[in-house]
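Visitor: Each chain is listed here by its residues.
Protein chains: 2
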Amino acid sequence: MPDHPQHHIKYFWEDLPVGKTLDIGSITVNRDEVIAFASQYDPQPFHLDDAAAAKSMFGKLSASGWHTCAMAMGLMVRGFLHESSSLGSPGLEKLKWLKPVYPGDTLTLKQTITESRPMASRPDVGLTRTLWEMFNQHGEQVLMMDGYGMFRRRVPDPQ
Amino acid sequence: MPDHPQHHIKYFWEDLPVGKTLDIGSITVNRDEVIAFASQYDPQPFHLDDAAAAKSMFGKLSASGWHTCAMAMGLMVRGFLHESSSLGSPGLEKLKWLKPVYPGDTLTLKQTITESRPMASRPDVGLTRTLWEMFNQHGEQVLMMDGYGMFRRRVPDPQ
Chain A
1 MPDHPQHHIK YFWEDLPVGK TLDIGSITVN RDEVIAFASQ YDPQPFHLDD AAAAKSMFGK
61 LSASGWHTCA MAMGLMVRGF LHESSSLGSP GLEKLKWLKP VYPGDTLTLK QTITESRPMA
121 SRPDVGLTRT LWEMFNQHGE QVLMMDGYGM FRRRVPDPQ
Chain B
1 MPDHPQHHIK YFWEDLPVGK TLDIGSITVN RDEVIAFASQ YDPQPFHLDD AAAAKSMFGK
61 LSASGWHTCA MAMGLMVRGF LHESSSLGSP GLEKLKWLKP VYPGDTLTLK QTITESRPMA
121 SRPDVGLTRT LWEMFNQHGE QVLMMDGYGM FRRRVPDPQ
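Residue numbers (UniProt numbering), protein chains in the order written: chain A, 1 to 159; chain B, 1 to 159.
Only chain A is shown next, with the shape it has when bound in the complex:
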């Protein structure tokens, strides 16, 4: 496992049992980044322009939902995956954009392991199901994701 030297890894699959909760970190949303992201990937007027946003259901300039996901991923990589044996994710079972995210908001991410099982096809890998919950500075949940992750095992299945 040359890309995951064992001495850097705090979390193998075995270290992520069902029920485990981790505080992942926080980020403050930068207005210039909101506009830069939206310009490239989600150029809807309410993510780009104050006047258009004021007339939209968001009331003021808000971040693309995909930018919110990307910010959550940035926190997850820097605050957890870099210390883990992660091998990537096949996808999500659910994603909810629950509240608008605005420049200046401070977003805080936590994760909870909800399922865990060995992968039948790979004795050195386990699968976890994880709930991601991100909240703003008012304690309102802005994002929910329920997805899968693959992690190398500390000890491969003997059979």
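Derived from the structure by calculation, the hints contain no laboratory data. Possibly wrong hints are sitting among the right ones.
A pair holds if it fits inside one copy or across any two, identical chains being indistinguishable in the list.
Claimed, not checked - In silico lysine to aspartate or glutamate, DMTMM-like type, Cα no more than 20 Å apart, as pairs:
{"#": "1", "residue 1": "10", "residue 2": "33"}
{"#": "2", "residue 1": "10", "residue 2": "32"}
{"#": "3", "residue 1": "55", "residue 2": "124"}
{"#": "4", "residue 1": "110", "residue 2": "133"}
{"#": "5", "residue 1": "55", "residue 2": "83"}
{"#": "6", "residue 1": "94", "residue 2": "133"}
{"#": "7", "residue 1": "94", "residue 2": "146"}
{"#": "8", "residue 1": "20", "residue 2": "83"}
{"#": "9", "residue 1": "94", "residue 2": "115"}
{"#": "10", "residue 1": "60", "residue 2": "33"}
{"#": "11", "residue 1": "60", "residue 2": "146"}
{"#": "12", "residue 1": "96", "residue 2": "146"}
{"#": "13", "residue 1": "110", "residue 2": "23"}
{"#": "14", "residue 1": "60", "residue 2": "157"}
{"#": "15", "residue 1": "10", "residue 2": "50"}
{"#": "16", "residue 1": "99", "residue 2": "140"}
Since the model is a prediction, treat every value here as computed from it, not as a measurement.
Starting from the known structure of chain A, arrange chain B on it as the hints suggest.
Guide: Coordinates of chain B only, in the frame set by chain A:
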């Protein structure tokens, strides 16, 4: 509806019946953008560095799955939502990253409407459920998303 002048709108909720399929567009994946996106939002070694990527399960430098979603959204906004009465999305029922996406790949997006209903809470808005499918230049599906969208109705419910 000042942010959606009717004369620019080709697709109201009524114009998106179940079974309707639309070809949304194509994009060729840029290597510098793959690295820029990953540096900010998904700094895992296999999205940043050729040597690390060669040792990973992806085999070579690949785009962040979130970058793939963002590219799909860019196509969707420029190729469809800008001509629609879209009001945003509450979320997804499913997201699958099916194959790695590499710099130089050309990705093509299509959408199919799978459900449609009026919103009980808003007589001027309808909800659609849409399947997004993105393929690479080899005809392999790289991304699947199944999500909801809210669209203004051409004719509000009379009651």
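Visitor: Can you list which hints this structure breaks, lowest number first?
Guide: Of the numbered hints given earlier, those the structure breaks are 1, 2, 11, 14 and 15, listed in rising order.
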